[in-house]
Amino acid sequence: MFNRLATRTARTVGVSHRVAHRLIAPYSSDSIPPPAPPSGAPGNSPNKDKKEAPLSSLLDMLSTQRPGTPVTKMPKFSQMLNSDKPVKGDFSGFIGSGMYGGRLAKEEAEDPMSLLILHVHASSNNTILSLTDANGKVIVNASGGTVGFKKAQRAGFEAAYQATASIAATVKERGINVKAVELRLKGFGTGREAAFKAVHSVTNWVVMRIVDTTPIPFNGCRPRKARRL
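Mapping to the working numbering: the sequence shown position 201 is 260, numbers consecutive.
One or more hints might be untrue.
[Claimed, not checked] Computed cross-link-like contacts, DSSO-like style, restricted to lysine-lysine with a CA-CA straight-line distance of at most 30 Å: (1) Lys209 <-> Lys256; (2) Lys196 <-> Lys231; (3) Lys210 <-> Lys256; (4) Lys210 <-> Lys196; (5) Lys238 <-> Lys196; (6) Lys284 <-> Lys210; (7) Lys245 <-> Lys209; (8) Lys210 <-> Lys238; (9) Lys256 <-> Lys238; (10) Lys196 <-> Lys256; (11) Lys284 <-> Lys256; (12) Lys210 <-> Lys245; (13) Lys231 <-> Lys245; (14) Lys196 <-> Lys209; (15) Lys209 <-> Lys284; (16) Lys256 <-> Lys245; (17) Lys231 <-> Lys210; (18) Lys209 <-> Lys231; (19) Lys284 <-> Lys238.
Hint data in this document are derived by calculation from the structure and do not stem from the laboratory.
The whole structure should be built from the sequences, with the hints applied where relevant.
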């Protein structure tokens with residue numbers, strides 16, 4: 060009877076057979092020492108019914124429960140596992156990370172203005188800078204041509220330096236509080252180093268990271284014919 064009760068407990072609560080043995084140990088008659096038989100009735104004693112009452116009541120309770128439904132009188136740890144409430148603390152506003160967190164949930168939780176991204180496209184003909192938020196929305200942009208440089212001078216060191224200073228001045232005029240900045244450098248022009256130095260000298264922004272987004276072909280398209288001078 061004890062093994063049958065352990066099997067039903069394991070199937071109903073959803074635990075192993077060994078854990079079920081520990082659950083029903085307080086209800087079993089083997090764990091309770093047998094009382095001394097009374098002198099009047101050696102065969103049928105009322106204490107025997109009282110001793111087996113917890114075991115029979117637990118067996119009746121498990122027989123009435125359908126498989127998959129939680130038992131009404133189960134131990135504390137089983138109630139904790141089958142409960143929808145958090146064990147400790149309030150996790151109602153918790154947002155997971157990775158693929159279970161979700162992009163929309165992260166965008167609602169994080170402030171897009173907390174981390175701004177400065178894109179620097181340093182080509183051989185010009186230097187284009189764009190300050191965006193974490194979602195990629197452009198806030199301010201500038202280039203070597205917008206600050207007054209013409210033709211070949213747009214790709215120079217000074218043009219990129221002045222363009223970065225122009226972005227910093229525009230952000231300050233609009234009252235945007237820049238807490239942290241991520242630099243994304245693209246291209247191998249001279250404005251690459253100029254924009255990096257201007258961020259450290261002209262502004263007081265905290266550079267969190269520097270990322271190189273220059274596309275590198277792996278045996279891609281055939282290049283143009285070499286120019287002969």
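For each hint, the structure was consulted:
1. Taking the CA atoms of Lys209 and Lys256, the gap is near 22 Å; set against the 30 Å cutoff, the hint holds.
2. Proximity of Lys196 to Lys231 is assessed by CA-CA distance (about 18 Å); at most 30 Å being required, the pair is judged to hold.
3. In summary, the hint linking Lys210 to Lys256 is supported, as the alpha carbons are separated by about 23 Å, within the 30 Å threshold.
4. Pair hint Lys210 plus Lys196 holds up; C-alpha atoms about 29 Å apart against a cutoff of 30 Å.
5. Of the supplied pair hints, the one linking Lys238 and Lys196 holds, its CA atoms being roughly 17 Å apart against a limit of 30 Å.
6. Of the supplied pair hints, the one linking Lys284 and Lys210 holds, its CA atoms being roughly 24 Å apart against a limit of 30 Å.
7. Distance restraint check for Lys245 and Lys209: the Cα-Cα separation of roughly 22 Å lies within the 30 Å cut-off, and the hinted pair is therefore satisfied.
8. Proposed proximity of Lys210 and Lys238 is contradicted: the alpha carbons are some 35 Å apart, above 30 Å.
9. Under the criterion of a C-alpha separation no larger than 30 Å, the hint pairing Lys256 with Lys238 is consistent with the structure, at around 18 Å.
10. Pair hint Lys196 plus Lys256 holds up; C-alpha atoms about 24 Å apart against a cutoff of 30 Å.
11. The suggested pairing of Lys284 with Lys256 is violated, with an alpha-carbon distance near 35 Å, which exceeds 30 Å.
12. The straight-line distance between the Cα atoms of Lys210 and Lys245 is roughly 21 Å, inside the 30 Å bound, and the hint therefore holds.
13. Proposed proximity of Lys231 and Lys245 is supported: the alpha carbons are some 25 Å apart, at most 30 Å.
14. Distance check on the hinted pair: Lys196 and Lys209 sit about 28 Å apart at the alpha-carbon level, within 30 Å; holds.
15. With a CA separation close to 28 Å, the supplied pair Lys209 and Lys284 stays within the 30 Å bound.
16. At most 30 Å may separate the alpha-carbon atoms for a hinted pair to count; Lys256 and Lys245 meet this at roughly 16 Å.
17. For a cut-off of 30 Å, the pair hint linking Lys231 to Lys210 stands: about 29 Å separates their Cα positions.
18. The hinted pair formed by Lys209 and Lys231 meets the criterion: a straight-line CA distance of about 26 Å does not exceed 30 Å.
19. Distance check on the hinted pair: Lys284 and Lys238 sit about 47 Å apart at the alpha-carbon level, beyond 30 Å; violated.
Of the numbered hints given earlier, the model fails hints 8, 11 and 19; all others are met.
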